[in-house]
Structure formats: structure tokens, C-alpha cells
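Student: Residues in the sequence shown are numbered from 64 upward in steps of one, following our numbering.
It should be emphasised that the hints constitute simulated quantities derived from the structure, not laboratory data. No experiment lies behind these values; they were computed from the predicted model shown. Mixed in with the good hints there might be a few duds.
[Said to hold, decoys possible] What follows is a list of derived Cβ distance ranges for each label pair: (1) P121 x F452: 42 to 50 angstroms; (2) A192 x V412: 21 to 29 angstroms; (3) M163 x I386: 32 to 40 angstroms; (4) V412 x L522: 51 to 59 angstroms; (5) F458 x P508: 16 to 24 angstroms; (6) I442 x I516: 25 to 33 angstroms; (7) S105 x V519: 55 to 63 angstroms; (8) V515 x A245: 17 to 25 angstroms.
By construction, the Cβ of each residue, glycine as well, lies at the ideal position given by its N, Cα and C atoms.
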Amino acid sequence: MGKSRRNGIIAGLVALASHASAQVASVCPTNDVCFKLNIPESTASSDNGDIFFQISAPSTYEWVALGQGTGMSGSNIFVVYTAGNGNVTLSPRLGTGHTMPTFNSNAQATLLEGSGVTNGKMVANVRCASCNTWSGGSASFSENKGNWIYGFRSAGGAKDTTSQSASIAEHSEEEPFEWSYASAKGGNSVNPLLNSSPSGTGVATGTTSCVPRPASTAGAGSGSTSGGSGTSATSTAVSSSDDDENYTGSGRPTAFQSEGGHGRPTSAPTGGPQSAYKRDDESINYCDENSDSGFTLIGSSGRSQTTKMVTAHAVLAALAFVIFFPVGAIVIRVASFTGVVWFHAAFQVFGYLVFVAAFGVGVYIANNFELLHEAHPVIGIVVFVVLFFQPILGFIHHSQFNKHQSRTVWSHGHIWLGRIAITLGIINGGLGFQLADRMGMGSRPGMIAYAVIAAVIWLAWVAASVFGASRRKQARKNVVADKQPTYRESESPREGRREGQSAVDDR
Numbered sequence: 064m065g066k067s068r069r070n071g072i073i074a075g076l077v078a079l080a081s082h083a084s085a086q087v088a089s090v091c092p093t094n095d096v097c098f099k100l101n102i103p104e105s106t107a108s109s110d111n112g113d114i115f116f117q118i119s120a121p122s123t124y125e126w127v128a129l130g131q132g133t134g135m136s137g138s139n140i141f142v143v144y145t146a147g148n149g150n151v152t153l154s155p156r157l158g159t160g161h162t163m164p165t166f167n168s169n170a171q172a173t174l175l176e177g178s179g180v181t182n183g184k185m186v187a188n189v190r191c192a193s194c195n196t197w198s199g200g201s202a203s204f205s206e207n208k209g210n211w212i213y214g215f216r217s218a219g220g221a222k223d224t225t226s227q228s229a230s231i232a233e234h235s236e237e238e239p240f241e242w243s244y245a246s247a248k249g250g251n252s253v254n255p256l257l258n259s260s261p262s263g264t265g266v267a268t269g270t271t272s273c274v275p276r277p278a279s280t281a282g283a284g285s286g287s288t289s290g291g292s293g294t295s296a297t298s299t300a301v302s303s304s305d306d307d308e309n310y311t312g313s314g315r316p317t318a319f320q321s322e323g324g325h326g327r328p329t330s331a332p333t334g335g336p337q338s339a340y341k342r343d344d345e346s347i348n349y350c351d352e353n354s355d356s357g358f359t360l361i362g363s364s365g366r367s368q369t370t371k372m373v374t375a376h377a378v379l380a381a382l383a384f385v386i387f388f389p390v391g392a393i394v395i396r397v398a399s400f401t402g403v404v405w406f407h408a409a410f411q412v413f414g415y416l417v418f419v420a421a422f423g424v425g426v427y428i429a430n431n432f433e434l435l436h437e438a439h440p441v442i443g444i445v446v447f448v449v450l451f452f453q454p455i456l457g458f459i460h461h462s463q464f465n466k467h468q469s470r471t472v473w474s475h476g477h478i479w480l481g482r483i484a485i486t487l488g489i490i491n492g493g494l495g496f497q498l499a500d501r502m503g504m505g506s507r508p509g510m511i512a513y514a515v516i517a518a519v520i521w522l523a524w525v526a527a528s529v530f531g532a533s534r535r536k537q538a539r540k541n542v543v544a545d546k547q548p549t550y551r552e553s554e555s556p557r558e559g560r561r562e563g564q565s566a567v568d569d570r
């Protein structure tokens, strides 16, 4: 039995032992960038405690990062770059939007053994004690999944610095994704990532969503930080060999001895090192290959679909609060034609139906991205409930005015509730653009256009309200001045009174 076979048996035993102690989920958004995650059983059950994750990328990249959140703003980001001499630097940072994340000195993140640069890969094995909450957000590890983001800059070359607050150039790729925790929960290892390093032994720890590709060398080193200091860790390459260490060929033989002969082939094999077993390898899900197992990228078609939904929500809500509601309110103040009150009512009801559609899409997005605690959806829900009662208040206002020929408490409630709701809805639209920007789906030109149009319409609405109040006041004066209203011979006194007061309506 050769050393390679013995190594295989040992690796299998290590894998079985690791499976009993820890579960590690592995995902690779690209061929060269991979992440791993372990949530200890105690953390999963109590929703509080340490988690472990690994970040790996080519050492030629300027930096690579893994973060918690749905977008740059408010996210808890861990940036890794080379520190020189085979070491890596861990830099915990806070996302602040589409600007360079700032160093987070409060993060409790520690580099573990196995971190470093080996075989052209920079690897950071991290224990995080503060990933449940951070300034700007929180995460639950008792749930079945979580929202994460990743990013990297492949250009620029190795950074080779130990500074945790070093400037980093803008990412060449960045995407949010949803990570299933099904294969990440379990175990209580102090370093569940040590045996699952892509540049290490090639042994998969526990149940993973992918299998590390076997490597001829292994990374073994040590490094530590305190309180998220991220000081660099070292990693030493360890060579491995077997009975065929001098065997430089690979693939299938190109020629054999004549029939009946014995011994080795006369020509060295050529081709890929595992070409004879290509069919078996193709069925293996290696960690350096793309896989959607436990990994839902909110990108490509998924991100496009979400962007379309966000756009639809924004357009419908903007139509309701910037066009339909204000225009309906303006018409009732400045127009004078038969049935203007019912036109106003129909126009506002139609606007509310448009808002209902926008509200439904918005709730779906907020629930799917766990955003219901944000100001934008909270205000949206409040406005939705308030506007539900507006048609009822409007009907009571109109009925009571016809009865008393003057405004009642219902009138003032309907008018001022509408004014507050429309103004709040317009402001909330701006908050919605900010939230979309934090999710990486914002549009600065769209935000500017919305702000300009909304401001113009709102000012026009205020002017119409002032004009309507002035006209109503003047009409009331005219009625008071007409102390002796004339009556038609065929009309009753009641009908004559209504004719004399026709200039004052319930608007």
C-alpha cells in the first residue's frame, strides 16, 4: 500500500471525526473566491455567541470581503488582504453606503490557526464574537438563513500591509446573497475551519455544500488577534509526497509495451493529472466551482427580478403620492364644475388602489429582505392604515356638511388627516430611495427627479389649499353681506336659503 492510499484513509477518518464535531457550509460565488461558515450548536440554540467563517481568494487580489447585511450601508464587513511575509490582515469595517467602509474598532473578531498565504491563496479563518449585533444592524443565527454580501478587487495586486484602516480601492465585484444555515449549524470545535482550508489538507469538515479540491501542499500556521485587532497571522506550507513523488507524468499512457509484455509503459503519461478519472471528477462539487447549494445569489436573474420589484413599488407609490393624491386635492380647491366633489372622491379612491398595489409589493420586499424594522416600511404601513379611513371620513364630512351647512369635526379630521398622510407619503418616498441605495439598487438620477417633481407638486398643492381657503372665506363674507336674500315665488324659504348660500360649499 502506497503513501497516497494511506493518506486517503487517514483523510477519510479525519473527515468522519470532524463531521461529528462541526458542520461547515461552503460557498464559492466565483471560481477563485470562497467562503465557509460554522454556527456552533450553542450559538444556534441560544441565538447568541461565536460563529466561525473562512474567507479565501487569490493572493494577487488587492482585497476580498465577506459581510452581513443586504447592501453596503449598515453592513458588518470583514475585509482581508495580504500583510506580507505570508501573512494576512483582517480588517473589520462598517459599511456606510457606496463609500469606502470604515474600520470598526469595536468588532470582536479573531484570526485563527490556518490563516495566511499559501499556494497563491490568502486565507482568513475567523472567530467572531460580535456578529449578532453591530452598529447599524443585527443578525439571528437561530434562523434557517441569513443575508450576506461579498466583494473583492481582483486588480491592483497584493496589498501587503498590516494597517487595518488602510485605504482600499472600489470593488470589481460585489453582490448580496442569501446563505442557508442548514449545513452550517452544529459542533463545538474551537477551530472548525482548520481542516477545511482550501489550501490545506483537502479534508471537508462535516457536512458541506461543496468539497475542497485536493492539493499537493497544505497550509499550517497560526495567528491571533484580540478584540478584532486583526493582526496578521502566519502560515507555513507543508509538502506532502507519496511513492510516486518522482513520477512527473500525468494522464493516460501514450504507448504500451508489445502484446504479452510486462512492466511499465514505455512512454510517460501526458494530459491532465486526473484525466483517467474525469468522469468521476465531473460529478464532484468542488468548492472552487460555482454552486447554488445553500447559496442564493441576489444577483443576475435574482437581483434583476428584485430590482424590477423595487422599481415597480417606487413607480406605483410615486404615482399615488406625487400625482393622484395631490392632483385630486388640488382639483377640489380650485375647480368649480358640477360633480367636482364626486370627481375628487373617485380620483382619490383610484389613487388609493394604486397605493394598495405599491404597498403589497413593498411588504413582500421588506419581508423577504428582513427590512420591516426600517423607517420606510414602518411609515408606509402607518400611512396605509390612515388612508384606509379617508373615504369613510370623506363620506361623513360631505353628509354632515349638507346637513349643517358648515364644517364639523369630521370635516377637519378628513382634511387634515389627508394633508398629513400625503406629506408623510412624499417624504417616505425619499426614505425609500435611500433604502434602495443601501441595498445596492438605488438610482441617483431617479432620486433627484423624484425630489424635484415631488417638491413642485407639493408646493402647488399648498398654493391651491391657500387659494381654496381664501375663496371660501370670501364666499362666506358675501353670504353674510346679503342680509335679505331674494326668493323665487315658486320656492320655499328653505330652497331660497340654499340658493343664497350656494357660494359656500363643503370643500
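Student: Taking the Cβ atom of I442 and the Cβ atom of I516, is their distance within the range 25 to 33 angstroms?
Tutor: Roughly 20 angstroms apart at Cβ, these two residues miss the hinted range, so it is violated.
Student: Can the suggested window of 32 to 40 angstroms be confirmed for the beta-carbon pair M163 and I386?
Tutor: holds (38 angstroms)
Student: Should the hint that V515 and A245 are 17 to 25 angstroms apart at their CB atoms be regarded as holding?
Tutor: The hinted range 17 to 25 angstroms is violated for V515 and A245, with Cβ atoms some 48 angstroms apart.
Student: With 16 to 24 angstroms as the target window, see if F458 and P508 comply at their CB atoms.
Tutor: violated (41 angstroms)
Student: So does S105 sit 55 to 63 angstroms from V519, Cβ to Cβ?
Tutor: holds (57 angstroms)
Student: Verify the CB-CB distance for A192 and V412 against the hinted window 21 to 29 angstroms.
Tutor: violated (54 angstroms)
Student: If you check the beta carbons of V412 and L522, does the distance land in 51 to 59 angstroms?
Tutor: Hint violated: Cβ distance 25 angstroms, outside 51 to 59 angstroms.
Student: Could you check the hint for me, namely that P121 and F452 are 42 to 50 angstroms apart, CB to CB?
Tutor: violated (60 angstroms)
Going down the numbered hints, you'll see the structure goes against 1, 2, 4, 5, 6 and 8, while the others check out.
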